[in-house]
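Residue numbers for the sequence shown follow this note's numbering, so the first one is 1 and each next one is one higher.
Warning: the hint list may mix true and false statements.
[Stated by the list, open to error] List time: in silico BS3-like cross-link candidates among lysine-lysine, alpha-carbon distance up to 25 Å:
no. : residue 1 : residue 2
1   : Lys79     : Lys217
2   : Lys31     : Lys205
3   : Lys217    : Lys87
4   : Lys86     : Lys153
5   : Lys62     : Lys31
6   : Lys103    : Lys152
7   : Lys31     : Lys131
8   : Lys115    : Lys103
9   : Lys87     : Lys54
10  : Lys178    : Lys205
11  : Lys131    : Lys79
12  : Lys69     : Lys107
[As the list claims (entries may be wrong)] Derived DEER-like restraints, expressed as beta-carbon distance ranges:
no. : residue 1 : residue 2 : range
13  : Asn191    : Arg57     : 25 to 33 Å
14  : Gln116    : Leu220    : 30 to 38 Å
15  : Asn145    : Phe168    : 23 to 31 Å
16  : Lys131    : Ser106    : 28 to 36 Å
The hints are simulated quantities; they were obtained by calculation from the structure and are not laboratory data. Virtual Cβ for every residue (Gly too), placed ideally from N, Cα, C.
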Amino acid sequence: MNKTILKFIFLCTFCLFSCENKNTSQKTNLKEPTAGVVISFDDTSINEWFNADKILRKYSWKATFCVSKINTLNRSEIKELLQLQKKGHEIADHGFHHFNAPKFVSKNGVDAYIKQEINPMLALMHFYNFKITSFAYPFGFRNANIDKAPLKKFKIIRGTTYGSEDPFFQNCYFNNSKLVLATGIDTDHPNFSIPYLIQLLDYAKRRHKILVLFCHKPVLKVTANY
Numbered sequence: 001m002n003k004t005i006l007k008f009i010f011l012c013t014f015c016l017f018s019c020e021n022k023n024t025s026q027k028t029n030l031k032e033p034t035a036g037v038v039i040s041f042d043d044t045s046i047n048e049w050f051n052a053d054k055i056l057r058k059y060s061w062k063a064t065f066c067v068s069k070i071n072t073l074n075r076s077e078i079k080e081l082l083q084l085q086k087k088g089h090e091i092a093d094h095g096f097h098h099f100n101a102p103k104f105v106s107k108n109g110v111d112a113y114i115k116q117e118i119n120p121m122l123a124l125m126h127f128y129n130f131k132i133t134s135f136a137y138p139f140g141f142r143n144a145n146i147d148k149a150p151l152k153k154f155k156i157i158r159g160t161t162y163g164s165e166d167p168f169f170q171n172c173y174f175n176n177s178k179l180v181l182a183t184g185i186d187t188d189h190p191n192f193s194i195p196y197l198i199q200l201l202d203y204a205k206r207r208h209k210i211l212v213l214f215c216h217k218p219v220l221k222v223t224a225n226y
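Sequences are here, hints too, so could you generate the full structure?
This is how it looks when you write it as structure tokens:
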């Protein structure tokens, strides 16, 4: 009887260490994720986005263009957006009215926000044959209570971060969550500077992170905000 028990214990111990070694080996062989950058553009600077693509397409770049107030766009702008989508860029929802979500919801509720800000935008975007899977909050303003509603309609939603902390403490990296936070690279953004952006890029590269950025109007010469 004792010999049988000892054999059983030996077999269990052997299996345990075999599994542990196998798992350890698998973990050792896992590749670290490739570092990268997500660039997103907000609002309605369609012509500038289209021109930026002409300049940057030689790098095989891809961007996310977060469109707001689609009912104000003309036929030429809609056509340019469709061409950008055809080339592999993402077109995203940025709100029908460009409401400040927390401010609007505090007065009118989440249901009214969805009915007035998101539903009509999605309806028109689908009418124009845009494939919409993501939503960017206007101004990046949001909270966890509001997030629940758009997450039912989109695969991913984007807010913003306004700090200029050490890159290690920043939240502007993709983390396999349905909510991502981006940091701004407009010249008038509170924490923007070339040295700080380089710090973020360097940290993302060294730590195999995906840095998430947002901006508005790409121009050759800065003459105004955004």
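Going down the list of hints, with the structure as the test:
Restraint check: the Cα-Cα separation between Lys79 and Lys217 comes to about 18 Å, which is no more than 25 Å; the hinted pair holds. Between Lys31 and Lys205 the alpha-carbon distance is near 15 Å, which keeps this suggested pair within the 25 Å criterion. Restraint check for Lys217 and Lys87: the C-alpha separation of about 20 Å stays at or below 25 Å, so the hint holds. Distance restraint check for Lys86 and Lys153: the Cα-Cα separation of roughly 23 Å lies within the 25 Å cut-off, and the hinted pair is therefore satisfied.
A threshold of 25 Å between alpha carbons decides the hint, and for Lys62 with Lys31 the separation of about 24 Å falls inside it, so the pair holds. At most 25 Å may separate the alpha-carbon atoms for a hinted pair to count; Lys103 and Lys152 meet this at roughly 21 Å. Of the pairs offered as hints, the one joining Lys31 and Lys131 is violated, with about 32 Å between alpha carbons and a cut-off of 25 Å exceeded. Between Lys115 and Lys103, the direct Cα distance comes to roughly 16 Å. Compliance with the 25 Å bound is thereby established for this hinted pair.
For the given pair, Lys87 sits about 11 Å from Lys54 by alpha-carbon distance, which is consistent with the 25 Å threshold. Distance restraint check for Lys178 and Lys205: the Cα-Cα separation of roughly 22 Å lies within the 25 Å cut-off, and the hinted pair is therefore satisfied. With a C-alpha separation of about 14 Å, the suggested pair Lys131 and Lys79 falls inside the 25 Å cut-off, and the hint holds. Distance restraint check for Lys69 and Lys107: the Cα-Cα separation of roughly 21 Å lies within the 25 Å cut-off, and the hinted pair is therefore satisfied.
Taking 25 to 33 Å as the suggested C-beta distance range, the pair Asn191 and Arg57 conforms, at roughly 30 Å. Our hint of 30 to 38 Å for Gln116 and Leu220 holds, since their Cβ atoms are close to 37 Å apart. At roughly 29 Å, the beta carbons of Asn145 and Phe168 sit within the given window of 23 to 31 Å. For the pair Lys131 and Ser106, the beta carbons lie near 32 Å from each other, so the given range of 28 to 36 Å is met.
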